[in-house]
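Now for the letters of each chain:
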Amino acid sequence: MRCRIGVYVCMCGSNISDYVDVEKVREIAAENPCVVLAKTTMFACSDSTQKEIIEDIKVNELNAIVIASCSPKLHLFTFRNVAERAGLNPYNYVQVNIREQCSWAHSDNPKFATLKAIQLVKAGIDKAKNSVSLEPIMIKAEHSALVIGAGITGMKAALALANTGTKVTLIEKEHYVGGRIAQWNRLFPHNDPAEKLVKTLYEEIIINDNIYLYTGAELISKSGSVGNFIVKIKIKPRYFKSGYLIEQCIEKAIESCPVEFDDPFNYGLTKIKAIQQNHIGQFPYYPVIDMSKCTKCGICTDICADIDLEQKEEELELNIGAILIATGAESYQPPSGEFGYGVIPGVITLQMFRRLIDLNGEKLIYNHKQIKRIAYIYCVGSRQYDGENQYCSRYCCTAAVHTSLIVKEKFPEIVNIHLTRGVRTYGKQEILYNKSNLQKDIYLQFDDTPPEISEENGMINIKVVDILTVKKTIELDIDLVVLVTSMVPRKNKELENILKLPIGRDKFYNEVHPKLKPVETMIDGVFIGGNCQAPMNISESVKSSLSAVSKMNALIGKGEIQLEPSLATIDKSICVWCDECTKICPSDAIIKTEYNGKPVAEINEANCKGCGMCLPVCPTNAIQLIGYSDVEIESMIDALASYSPEFTI
Amino acid sequence: MGENQKIPKILVFSTEKISDPAIDLAGLLKKHYPPTVYVVNVPCSSSVKPKWILHAFKKGFDGVFIAADGSDCQYSETCTFNTGEIVRKTHDLMKKKGIEPSRLKMAAICSVCSDPFVKQMKSFIEALI
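Residue numbers (my numbering), protein chains in the order written: chain H, 1 to 649; chain V, 1001 to 1129.
Simulated from the structure, these hints should not be mistaken for laboratory data.
Accuracy of the hints is not assured; some may be wrong.
Computed list of lysine to aspartate or glutamate pairs in DMTMM-like fashion (alpha-carbon distance at most 25 Å, straight line) [claimed, not checked]:
1. K111(H) - E1126(V)
2. K1058(V) - D630(H)
3. K543(H) - E330(H)
4. K234(H) - E135(H)
5. K111(H) - D1115(V)
6. K491(H) - D306(H)
7. K1017(V) - E634(H)
8. K583(H) - E1085(V)
With the Cβ distance kept under 10 Å, some of the chain V side facing chain H (calculated, not the full set) [stated by the list, open to error]:
9. E1016
10. I1023
11. P1035
12. V1039
13. W1052
14. K1059
15. E1077
16. T1090
17. K1096
18. I1099
19. C1110
20. K1122
Yeah, the Cβ is synthetic: ideal placement off N, Cα and C, and Gly gets one too.
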């Protein structure tokens, strides 16, 4: 037990001392036989007081300190640091919250606030008496990272990690890197071609010695924990042997392939063969055979000696320090009939429309008809009144406005009519909205009454209640309806099961805290970036991926990881191995072992999160949580329960 | 209420990441609640041992309140159920000891739930008087 304790009662300017008689609190604290010195202070967090505390600890040989001040959320680490600088173990420091939970909460009743502060400080002193010196747990960390998904988020993250000296394995499920941006072709705000962006990143990646890029690759298992995950990766073959001789025969081989189907890259606007070459903006520049469609007829093997239809999948096992999920999102697929989608031929999604613009030359033709008047319906699959997607997808307003500029530039006779629910082209993107107004685009706004779409003689009719013109119903004749569809979470059950990824209310992957831990997940060592977390535009995705990189580098860059020592401990002599703790543990941190010839439970320290869920279920009370042991909690209860005769009405 | 009547004392088990911020927020916004409410923090509401609760009653607390993490728990989706089980088990133990089960309460307090916290404290104190 610690019996050389220093107590500091902070006035916090006057935030505390206006309502709490700090001198009275100090006096009573000083009466405790284990308290060597007790002081009041104007600002405990100020530099001068910090120095004074350090001096006091050294001169008086204090073995614990209690600071009664603000919430530990603000200054726990400040004062742990003070203790450490004075040569005291930081876990022998106790912070007592007499501001948020006392002086402010009871500013209506200073007498009672003082009485409460006295008891809170008493409990703090008792906690300090029973506090144990602890060392943070250090575990070895592999200086290597796995980045899942080679879209813009994953590629940028891989490069940034590699430049910090981390060995990076970048895996992409598809056979080409670049994710979805190749489909958008020109990117806002500056109309850069996606091809240029992806090519720059791809070329930097392949010459970087720290990055191993695998396409056609998926994570199939994960074990271990932060600092040392053991991951298995499955790599699909491309069904080409060397690649050097392909150029002479590939065109002919593709031509001769009898298997033809709708090209998903162009949303069925064009066809593709089972032997495929990359689209513009996709890399590497190297063909692949889609084995889910190939019939193995063998025609291509006669043309190209390099083709080997019998290539097998490969598996790879790696030791990884940290993992970044950058798997991106999908576009909302409207159900048949939503705004006429799938029923009326002239209703398409924004994503398909972008492909249509790229694939058309002088005139904009869809379904054998020249398009002149386009209506964009906003918030399809976003901000739903009835559906599951209540969130705003953030990027779509700007994407639609940008598209209206691109289409008008390429086909000047086009008339763009936007049916919005309020335009959210936030920040600099507002400039695009202004441009769209200047090119005389028409903006109407609906609220909870969605526009009605019907078709007659090949012409689409839209009825919309426009709230900007006193809720007047406006009728429009339109050639093409573009549904500005939202971003939705990618369906990736296998990955979610392997990594036990936490999923938020919107079904995207969830961070620990939106402000304090915005790229960390509940699984230590697993980070999220880009659209797998929430809808973001490219610039925002890259920012989130780079913030994940800095957190990953801080975690594994030193080669070892420091963990908070508040872990569960098991008294093996009284454990009866009933299995209750293993059943309730959410972190897979309890393992079966032997002690004196009997089976008992043991804590896997690298996995234990210190949540304490195992504590109440143990029938023999064999489990204690460091920092929250029975003696610590019960001594605090004793101090708080001691009856003050003044507590009367 | 007569003169010199003792005000009931409540012990709150609150969690560092979820309900503590709400209780701090109540203070910050000067939303007052009875000063006989004392908070002890734990990592998760599913970590409260029944023996701690019984200890609090034995030492003179009139009520114990568990500020549950509920669906916001960062450790496990089963937290609400687990905390509920602790309350159920403790209620049984309290009955055996002749302590009125209504003196142990739980309710989910999210990280910004300062109003619900203040309301819960006021009504709990009222019920205990």
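Structure-based check of each hint:
no. : hint               : result
1   : K111(H) - E1126(V) : holds, 21 Å
2   : K1058(V) - D630(H) : holds, 15 Å
3   : K543(H) - E330(H)  : holds, 20 Å
4   : K234(H) - E135(H)  : violated, 40 Å
5   : K111(H) - D1115(V) : holds, 24 Å
6   : K491(H) - D306(H)  : violated, 35 Å
7   : K1017(V) - E634(H) : holds, 22 Å
8   : K583(H) - E1085(V) : holds, 14 Å
9   : E1016              : holds, 8 Å
10  : I1023              : holds, 6 Å
11  : P1035              : holds, 4 Å
12  : V1039              : holds, 6 Å
13  : W1052              : holds, 5 Å
14  : K1059              : holds, 4 Å
15  : E1077              : holds, 8 Å
16  : T1090              : holds, 9 Å
17  : K1096              : violated, 16 Å
18  : I1099              : violated, 15 Å
19  : C1110              : violated, 13 Å
20  : K1122              : violated, 12 Å
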